[in-house]
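Peer 1: In case you want the letters, here they are:
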Amino acid sequence: MILGRVVGEVWATRKHPKLVGYKLLVIRPHWWYEPSHHVGHLVAIDAHVDAGVGDDVVICMGEPPRWQSEGPAMPVEAAVMAVVDRCEVDESAFEGPRPLKLWRDGPRGLIVGRIRTEGAEVTSQAEPERSEP
Amino acid sequence: MFLGRVIGNVWATKKWPELSGLKFLVVRPHTLAELGRSEPPQQCDDAVIAADLLGACIGEDVVLAYGHAARAALEELAPGAAARHPVDAAIVAIVDRFDVDPEAGEEV
Amino acid sequence: MIRGTVIGEVWVTKKAPSLDGRKLKLVAVRGASGAAASGRVVVAMDTLDAPMGQAVMVTFGSGARNVLRPGASENRDLLCDCAISQVIDGES
Numbered sequence: 001m002i003l004g005r006v007v008g009e010v011w012a013t014r015k016h017p018k019l020v021g022y023k024l025l026v027i028r029p030h031w032w033y034e035p036s037h038h039v040g041h042l043v044a045i046d047a048h049v050d051a052g053v054g055d056d057v058v059i060c061m062g063e064p065p066r067w068q069s070e071g072p073a074m075p076v077e078a079a080v081m082a083v084v085d086r087c088e089v090d091e092s093a094f095e096g097p098r099p100l101k102l103w104r105d106g107p108r109g110l111i112v113g114r115i116r117t118e119g120a121e122v123t124s125q126a127e128p129e130r131s132e133p
Numbered sequence: 001m002f003l004g005r006v007i008g009n010v011w012a013t014k015k016w017p018e019l020s021g022l023k024f025l026v027v028r029p030h031t032l033a034e035l036g037r038s039e040p041p042q043q044c045d046d047a048v049i050a051a052d053l054l055g056a057c058i059g060e061d062v063v064l065a066y067g068h069a070a071r072a073a074l075e076e077l078a079p080g081a082a083a084r085h086p087v088d089a090a091i092v093a094i095v096d097r098f099d100v101d102p103e104a105g106e107e108v
Numbered sequence: 001m002i003r004g005t006v007i008g009e010v011w012v013t014k015k016a017p018s019l020d021g022r023k024l025k026l027v028a029v030r031g032a033s034g035a036a037a038s039g040r041v042v043v044a045m046d047t048l049d050a051p052m053g054q055a056v057m058v059t060f061g062s063g064a065r066n067v068l069r070p071g072a073s074e075n076r077d078l079l080c081d082c083a084i085s086q087v088i089d090g091e092s
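Quick mapping for you: the protein sequence lines, in order, are chains F, X and W. Numbering follows our numbering, in which position 83 of the first sequence is assigned residue number 83; successive positions increment by one, without gaps. Numbering follows our numbering, in which position 13 of the second sequence is assigned residue number 13; successive positions increment by one, without gaps. Numbering follows our numbering, in which position 71 of the third sequence is assigned residue number 71; successive positions increment by one, without gaps.
Just chain F, same shape as in the assembly (with noise of 0.2 Å):
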């Protein structure tokens, strides 16, 4: 799956049968993801969770999307499966010769703080302080 943050829907009236009554929502990838064109984008049924513009979300892709309804395979690719209320990565990610890169912080609630296993414990730095997007 891959994280992603809504940035706008698709309405269609005319539109393959199989479709109706699902919400079309633009996703822009978070983190990697290879397309089959370098849109920057994909486009994503809700099957399950109401994800609303702004919200950061996980997608499943691939056949799982093309089962969610009753039926004949439906002709989508991605669905949205969940929408993140928090995410914590730890700090080496953003480090090295291929670092993650953040898009508006990334997803929701990220926390760039170092991440530390010593022993059997985890510590970890308090949250720092965010603003609402």
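No lab work stands behind these hints: they were computed from the structure. For each residue, glycine too, the CB sits at the ideal point set by N, CA and C. A couple of the hints might just be wrong.
As the list claims (entries may be wrong) - Not the full set, but computed from the structure, chain W residues with beta-carbon under 8 Å of chain F:
| no. | residue |
| --- | --- |
| 1 | 39 |
| 2 | 68 |
| 3 | 73 |
| 4 | 76 |
| 5 | 80 |
To be verified - A partial selection of chain F residues facing chain X, derived with a Cβ cut-off under 10 Å:
| no. | residue |
| --- | --- |
| 6 | 5 |
| 7 | 10 |
| 8 | 75 |
| 9 | 96 |
| 10 | 104 |
Stated by the list, open to error - In silico lysine-lysine, DSS-like type, Cα no more than 30 Å apart, as pairs:
| no. | chain 1 | residue 1 | chain 2 | residue 2 |
| --- | --- | --- | --- | --- |
| 11 | W | 14 | F | 101 |
| 12 | X | 23 | F | 23 |
| 13 | F | 101 | F | 23 |
| 14 | F | 23 | W | 14 |
| 15 | W | 23 | F | 101 |
| 16 | W | 23 | F | 23 |
Dock chains X and W against chain F, hints included.
Peer 2: Frame of chain F, contents of chains X and W only:
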């Protein structure tokens, strides 16, 4: 899936028999920056040929699906035989309108 | 399947049923040599409670669904395309 704009048609007489009756359109994928600004494609630097069952016209924005999803879109043409259609891209929706954050395409 | 390292976790409340009782981890995919990060990060379902920094094996597609609920014909609607399938103890 992703959003694109229909920029042309493809006609073919010599083709695989499974493709009879299918319309093919040239679609240029939209970049996220273009979606945010609602501007027309700047130049045709990338395009895909997609099967169309919905009757999209040149200039219309569409939602494109690839792979198994594209073959699933053809299910109504030949129920049960979709897996055998030699198609890897299909138009699954014609866009009435879209609404995208104007800054969505900004570089990190 | 690919090798990766757990670099983070994702918490969700509004979610599809396939996520009930399951954790989501961020996994940095390692390159072909296995050592350096490839720059790719995926969200993987975690049923093995892999801790931060743990080396793991991640499986995609139908293999991922089988990690959660084995049986190819009964699990194709299960919303999951990526799951941690093994915790790697050591490798040469």
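Peer 1: Check each numbered hint from earlier against the structure, then list the numbers of those it violates in ascending order.
Peer 2: 2, 3, 9
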